[in-house]
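A.B. asks: Taken in order, these protein sequences are the chains called A and B.
Heads up: the first sequence begins at -1 in our numbering, then just goes up one per residue.
Heads up: the second sequence begins at -3 in our numbering, then just goes up one per residue.
Be aware that one or more of the hints could be misleading.
Below are the DSS-like pairs computed for lysine-lysine, each with C-alpha atoms no more than 25 Å apart in a straight line [unchecked claim]:
hint: 1; chain 1: A; residue 1: Lys32; chain 2: B; residue 2: Lys106
hint: 2; chain 1: B; residue 1: Lys106; chain 2: A; residue 2: Lys163
hint: 3; chain 1: A; residue 1: Lys107; chain 2: A; residue 2: Lys91
hint: 4; chain 1: A; residue 1: Lys150; chain 2: A; residue 2: Lys163
hint: 5; chain 1: A; residue 1: Lys157; chain 2: A; residue 2: Lys77
hint: 6; chain 1: A; residue 1: Lys163; chain 2: A; residue 2: Lys107
hint: 7; chain 1: B; residue 1: Lys106; chain 2: A; residue 2: Lys77
hint: 8; chain 1: A; residue 1: Lys99; chain 2: A; residue 2: Lys77
hint: 9; chain 1: A; residue 1: Lys163; chain 2: A; residue 2: Lys99
hint: 10; chain 1: A; residue 1: Lys157; chain 2: B; residue 2: Lys106
hint: 11; chain 1: A; residue 1: Lys107; chain 2: A; residue 2: Lys150
hint: 12; chain 1: A; residue 1: Lys163; chain 2: A; residue 2: Lys77
Some chain B residues well away from chain A (every beta-carbon gap over 12 Å; in silico) [as the list claims (entries may be wrong)]:
hint: 13; residue: Val9
hint: 14; residue: Ala11
hint: 15; residue: Phe14
hint: 16; residue: Gly28
hint: 17; residue: Ala31
hint: 18; residue: Val44
hint: 19; residue: Phe67
hint: 20; residue: Leu92
hint: 21; residue: Ile94
hint: 22; residue: Lys106
hint: 23; residue: Met116
hint: 24; residue: Leu129
hint: 25; residue: Gly154
hint: 26; residue: Ser168
hint: 27; residue: Leu189
hint: 28; residue: Arg207
Bear in mind the hints are in silico, worked out from the structure with no lab data behind them.
Every residue, glycine too, gets a C-beta built ideally from N, C-alpha and C.
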Amino acid sequence: MNTPMSRDVSSRAHAWSVTVLLCVPVCPVGATYKRPDGIVEINCEQCIGCRYCITACPYAARVFDSGDFYTFYTAHTPKLQPYETLPTYEYGKVFNRPAGKSPVGNVRKCHFCLHRLNNGMLPECVTSCVGVATYFGGLNDPDSLVSELVTKPNVHRLKEELGTKPRVYYLL
Amino acid sequence: MNVRPLTVALGAVWALAFAAGLCGVAQRLALGHEAANYGSYIPWGLWVAQYIYFVGLSAGAFLLSSLVYVFGVRRLERIGKLALWTALVTLLCALLVIWLDLGHPLHFWKVYTNPQPTSMMAWMVWLYTAYFLLVLAELWFATRADLVVWSNRPGLLGALTRALAFGTHDISPRTLACDRQVLRVLGTLGVPLAIAFHGGVGALFGVVGARPYWNSSLYPTYSVSDVGAGIRWGTADFCGGVLLDGRTHGGVPGDRLPAGTPYPGAAGARPAAGVGRIQHQPVRVHPSPR
């Protein structure tokens, strides 16, 4: 059996291109795809909201935006809070959810804060994590911090038996 | 007018169910999918379940009609048109339901303009479109003679059937035999198509590797049981017509033609020469009185 280290080194040589995406081929309209940098994106103008990609994702990484708000079912918050009505900036575009248009009715997912990456910033979860538990970086660069971290023996990935070669590594 | 209590009772049940369904559609249109609020683990709900149900019924009813129009089982002659009509109506129900299931129903046309051939769902949509057109064409050829006969009637019904007959008047035995040949060709094309689209629905679930209970090459063959449901539905239609009408036909217009009308499906008419291999036998539904 391969050790995690040797497996990671061999897959790292192929970098992003070897990641097997189950969500992309099932989309009937080609609305979701992998960008050259490896981040999987959803085109909200193209997405018809059939949710087939959600069923295909083994990691439950995709969600359907039904158009509800966090305060909708919560007691003591009878009206919409201002922070919920703020626009979202997915994929460099501006979306206004209260209008009921996209991304309401679309499938959404983590896009590693593309709007921040484009400005040279880390994803918000990495920046704001009080335990400094998350890292983000490019595996293509052998000298990067994440390249060093994924060669550690305590690294593992979820559902490797599916052959999807996910790019999220857990350090235990 | 003599209305049976059973008709009233069934009508009341139907009206209640229809009202409940209207409430659901109104909620869907007003609030979107907020009520269901699908998550990542259960992204599909009642809409998809209904759609699978109706699609199975449609395929089953179509295969039932093919027994008449392709395989020439004349014993089932009287439910041929009813089965085709059932196939069309249940297909429309299925498409309506799955259309409302979409997060953006008005974007559905993108499946036609930008299809992705690796997706079973795209294949399904194309197969449905082909099947829908085929059922429409087959239904027209199967009911053409009825439309011609009915177009002599006065009023709205006559005008409607005249329009639907598309200017055809000829119901001579030769033309009707020709209709049957067209039906046979269309039905022969339709049998593999019906199996393909329903197998495609099974494959849609079967290919999803992330769901262990779906991911099986046996999944497409579950259509067999659905098709059985469709055949039962067609049979129930027929028996229901008999029950409510009290007559031994399924309430299909052609069966109300006077005896002697040169139409293969008409009660008492002899089959046109060369059509069907099995001799026509009258269907007896009610047990004979003792």
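A.B. asks: Confirm or reject each hint.
C.D. replies: Now the hints, each set against the structure:
Proposed proximity of lysine 32 of chain A and lysine 106 of chain B is supported: the alpha carbons are some 20 Å apart, at most 25 Å. For the proposed pair lysine 106 of chain B and lysine 163 of chain A, the alpha carbon gap of about 31 Å is over 25 Å, so the pair is violated. At most 25 Å may separate the alpha-carbon atoms for a hinted pair to count; lysine 107 of chain A and lysine 91 of chain A meet this at roughly 15 Å. Of the supplied pair hints, the one linking lysine 150 of chain A and lysine 163 of chain A holds, its CA atoms being roughly 17 Å apart against a limit of 25 Å.
The suggested pairing of lysine 157 of chain A with lysine 77 of chain A is violated, with an alpha-carbon distance near 41 Å, which exceeds 25 Å. Proximity of lysine 163 of chain A to lysine 107 of chain A is assessed by CA-CA distance (about 18 Å); at most 25 Å being required, the pair is judged to hold. Under the criterion of a C-alpha separation no larger than 25 Å, the hint pairing lysine 106 of chain B with lysine 77 of chain A is inconsistent with the structure, at around 37 Å. Proposed proximity of lysine 99 of chain A and lysine 77 of chain A is supported: the alpha carbons are some 20 Å apart, at most 25 Å.
Taken as a hint, the lysine 163 of chain A and lysine 99 of chain A pair is broken in the structure, with Cα atoms around 34 Å apart against an allowance of 25 Å. A hinted pair counts as satisfied when its Cα atoms are at most 25 Å apart, and lysine 157 of chain A with lysine 106 of chain B does not qualify at roughly 33 Å. Distance restraint check for lysine 107 of chain A and lysine 150 of chain A: the Cα-Cα separation of roughly 28 Å exceeds the 25 Å cut-off, and the hinted pair is therefore not satisfied. For a cut-off of 25 Å, the pair hint linking lysine 163 of chain A to lysine 77 of chain A is broken: about 44 Å separates their Cα positions.
Remark: the non-interface label on valine 9 of chain B is consistent with the geometry, its nearest Cβ contact in chain A lying 32 Å away (cut-off 12 Å). Distance check on alanine 11 of chain B: its Cβ is at least 31 Å (rounded) from any Cβ of chain A, clearing the 12 Å threshold; non-interface status holds. Under the 12 Å C-beta cut-off, the non-interface status given to phenylalanine 14 of chain B relative to chain A holds; the minimum distance is some 26 Å. The beta carbon of glycine 28 of chain B is not kept farther than 12 Å from every beta carbon of chain A, the shortest such distance being approximately 5 Å.
With a closest Cβ-Cβ approach of about 8 Å to chain A, alanine 31 of chain B is found to fall inside the 12 Å limit, against its non-interface label. With a closest Cβ-Cβ approach of about 9 Å to chain A, valine 44 of chain B is found to fall inside the 12 Å limit, against its non-interface label. No beta-carbon of chain A comes within 12 Å of the beta-carbon of phenylalanine 67 of chain B; the shortest separation is about 34 Å. At roughly 15 Å, the least C-beta separation between leucine 92 of chain B and chain A is larger than 12 Å, which holds for a residue marked as non-interface.
A beta-carbon of chain A is positioned within 12 Å of the beta-carbon of isoleucine 94 of chain B; the least distance is around 9 Å. Residue placement check: lysine 106 of chain B does not keep its beta carbon more than 12 Å from all beta carbons of chain A (closest about 5 Å). Annotated as non-interface, methionine 116 of chain B brings its C-beta within 12 Å of a C-beta of chain A; the closest such distance is 7 Å. For leucine 129 of chain B, the shortest C-beta to C-beta distance to chain A comes to about 20 Å, beyond the 12 Å cut-off, and the non-interface label holds.
Chain A leaves glycine 154 of chain B outside its interface by the beta-carbon criterion, the shortest separation being 42 Å against a cut-off of 12 Å. Annotated as non-interface, serine 168 of chain B keeps its C-beta farther than 12 Å from every C-beta of chain A; the closest such distance is 47 Å. Every beta carbon of chain A lies more than 12 Å from that of leucine 189 of chain B, the smallest distance being close to 19 Å; the non-interface claim holds. Distance check on arginine 207 of chain B: its Cβ comes as close as 6 Å (rounded) to a Cβ of chain A, failing to clear the 12 Å threshold; non-interface status is violated.
Checked against the numbered hints above, the structure violates hints 2, 5, 7, 9, 10, 11, 12, 16, 17, 18, 21, 22, 23 and 28; every other hint is satisfied.
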